[in-house]
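Visitor: Please model the entire structure based on the sequences and the hints provided.
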Amino acid sequence: MRRAPAASVLLLVALFASGCAKPVHPGDPISGLTAEQRDRFRRGRAVFDSVFTPETGLGPLFNSAACGECHEDPVSGGSGDEVEVHATAFHADGNCDPLAGEGGPVIQQDATPALKAALGIDKEPLPKEATGRGLRTSLSIFGRGLLDAVPDSDLVSYADPDDENHDGISGRLNRFVDGRIGRFGRKAFVPTLSEFNAGAFVIEQGITSPAVPTEESIGGAPIPEGVDPTPEPEINQEALDLANDFVRFLAPPSPLRQTGAAGNGRHLFDRIGCASCHFPTLRTGGNPIRALDRKRFFAYTDLLLHDMGPDLADICLGLAAPAEFRTEPLVGVRLAHHFLHDGRATTLEQAIELHGGEGSGARDRFKALTPKEREAVIAFLKTL
Amino acid sequence: MKRIASAALLLVLASTLLTAAAQQQPAYTSIQGTVHALQPKSGSLDVVTGVGMALRLVRLAAPPTVQIASGGAAVPLSALKRGDIVRVQCHWSGKQLIADRIEKVGPR
Numbered sequence: 001m002r003r004a005p006a007a008s009v010l011l012l013v014a015l016f017a018s019g020c021a022k023p024v025h026p027g028d029p030i031s032g033l034t035a036e037q038r039d040r041f042r043r044g045r046a047v048f049d050s051v052f053t054p055e056t057g058l059g060p061l062f063n064s065a066a067c068g069e070c071h072e073d074p075v076s077g078g079s080g081d082e083v084e085v086h087a088t089a090f091h092a093d094g095n096c097d098p099l100a101g102e103g104g105p106v107i108q109q110d111a112t113p114a115l116k117a118a119l120g121i122d123k124e125p126l127p128k129e130a131t132g133r134g135l136r137t138s139l140s141i142f143g144r145g146l147l148d149a150v151p152d153s154d155l156v157s158y159a160d161p162d163d164e165n166h167d168g169i170s171g172r173l174n175r176f177v178d179g180r181i182g183r184f185g186r187k188a189f190v191p192t193l194s195e196f197n198a199g200a201f202v203i204e205q206g207i208t209s210p211a212v213p214t215e216e217s218i219g220g221a222p223i224p225e226g227v228d229p230t231p232e233p234e235i236n237q238e239a240l241d242l243a244n245d246f247v248r249f250l251a252p253p254s255p256l257r258q259t260g261a262a263g264n265g266r267h268l269f270d271r272i273g274c275a276s277c278h279f280p281t282l283r284t285g286g287n288p289i290r291a292l293d294r295k296r297f298f299a300y301t302d303l304l305l306h307d308m309g310p311d312l313a314d315i316c317l318g319l320a321a322p323a324e325f326r327t328e329p330l331v332g333v334r335l336a337h338h339f340l341h342d343g344r345a346t347t348l349e350q351a352i353e354l355h356g357g358e359g360s361g362a363r364d365r366f367k368a369l370t371p372k373e374r375e376a377v378i379a380f381l382k383t384l
Numbered sequence: 001m002k003r004i005a006s007a008a009l010l011l012v013l014a015s016t017l018l019t020a021a022a023q024q025q026p027a028y029t030s031i032q033g034t035v036h037a038l039q040p041k042s043g044s045l046d047v048v049t050g051v052g053m054a055l056r057l058v059r060l061a062a063p064p065t066v067q068i069a070s071g072g073a074a075v076p077l078s079a080l081k082r083g084d085i086v087r088v089q090c091h092w093s094g095k096q097l098i099a100d101r102i103e104k105v106g107p108r
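Residue numbers (my numbering), protein chains in the order written: chain U, 1 to 384; chain W, 1 to 108.
What the hints contain is simulated information worked out from the structure, not anything from laboratory work. One or more hints might be untrue.
Said to hold, decoys possible - Here chain U is said to cover these stretches of chain W; the calculated rule only asks that three of the stretch's residues, wherever they fall, bring their Cβ under 8 Å from a Cβ of chain U:
id, stretch
1, 38 to 50
2, 55 to 61
3, 77 to 86
Note that CB positions come from ideal geometry on N, CA and C, so glycine has one too.
Guide: Shown next as structure tokens:
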């Protein structure tokens with residue numbers, strides 16, 4: 001892994017030092033938006049919180065009836081306690097089959113009454129072709145618009161797939177089905193935030209839009225006649241754009257004050273190597289939206305794939321092997337109740353101890369710290 | 001008069017059905033995705049495409065006349081393999097999507 005330039009450390013200090021700036025709370029928009037953009041953020045939140053019914057397009061397969069049903073804690077855009085099921089097939093030749101012909105990698109866990117009546121199923125069946133199954137928690141989406149605005153060229157510069165600097169950490173890019181660089185989702189599969197959102201409407205809620213005008217199949221089989229009578233698309237472009245703007249303009253919450261143990265923990269976080277993957281800050285590129293234009297922000301991710309060891313491995317996706325996951329952005333981690341991609345860790349300490357593969361060096365150095373130093377690292381994480 | 005009214009009704013019905021059919025088939029003119037499967041003998045190509053996590057398997061007919069290029073050179077359909085990224089220019093013929101030109105963009 002190529003390290004973030006030293007200049008970013010100075011900027012980090014400057015960002016932390018700017019404590020006199022008005023703190024950003026979870027659910028706030030990013031600063032510097034125009035009045036029109038703030039209005040779109042507010043109206044977009046209404047779309048995000050809209051609860052769909054079968055009459056307004058929900059399903060026939062779905063995971064939830066509203067975006068805000070899974071991203072709700074402590075406010076819209078936060079995390080949720082829902083856990084979804086993903087499945088793919090990893091072949092011996094290294095190819096990953098996302099099971100697009102069998103209904104795709106997201107296995108919906110609920111069905112409308114009409115589908116239940118027609119097929120006698122209450123969720124999407126797991127495809128027989130699947131070789132791996134993974135659980136995915138609903139994480140907070142604060143600051144995703146900033147992550148979206150980081151140039152691809154930065155991700156390329158961070159990658160070190162062959163570990164040429166011999167630090168034990170590689171980091172590589174994932175790519176979408178059309179070859180573009182991915183960054184969203186636990187496997188960094190989806191290239192842009194707007195595509196992630198448009199896809200989420202249909203895979204999570206069964207809500208079609210002009211961007212995705214066709215429903216998911218039922219495990220590869222067509223939807224029975226009369227089960228989904230709402231005409232496509234079930235939301236229009238304006239509603240989709242508003243929801244996109246809400247998500248894009250959601251700010252990362254300000255870190256809490258890092259005094260005492262937390263301040264020491266920040267240095268330890270860097271010293272033991274956590275920051276080799278959880279880059280404290282990233283920078284957006286040129287952007288037509290001034291509030292997203294060339295901004296350095298707290299991210300605690302490099303948006304790259306890392307091998308996390310066989311114990312965490314579940315599904316492949318794109319170029320990501322079952323054991324590879326994108327470095328989780330730690331912004332807002334203080335608000336989370338479960339950690340890692342499937343929520344198996346209930347404390348931050350557990351989450352660190354479950355790091356394997358490329359994360360095992362930092363994990364071992366964390367375990368070698370004194371109890372007081374470990375507490376300091378955790379105290380630091382609880383300020384993010 | 002009755003005959004004219006019936007003919008008009010038929011026209012409206014036909015037009016509605018055609019519009020509905022057109023709405024059900026996304027009007028691809030170009031797709032870019034990953035080769036999922038190919039049958040060179042029968043001239044069939046399956047490509048995974050999609051938006052976000054909403055992925056779709058698109059089946060195309062690849063007739064013998066289809067132009068296939070890789071790195072600027074013409075290649076046979078059998079030169080493609082699962083996992084390759086391809087850009088396909090195509091058109092609808094009835095319910096079938098026909099490939100006109102396939103370009104291998106690269107391995108993933």
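Visitor: So which hints don't hold here, by number, going up?
Guide: none
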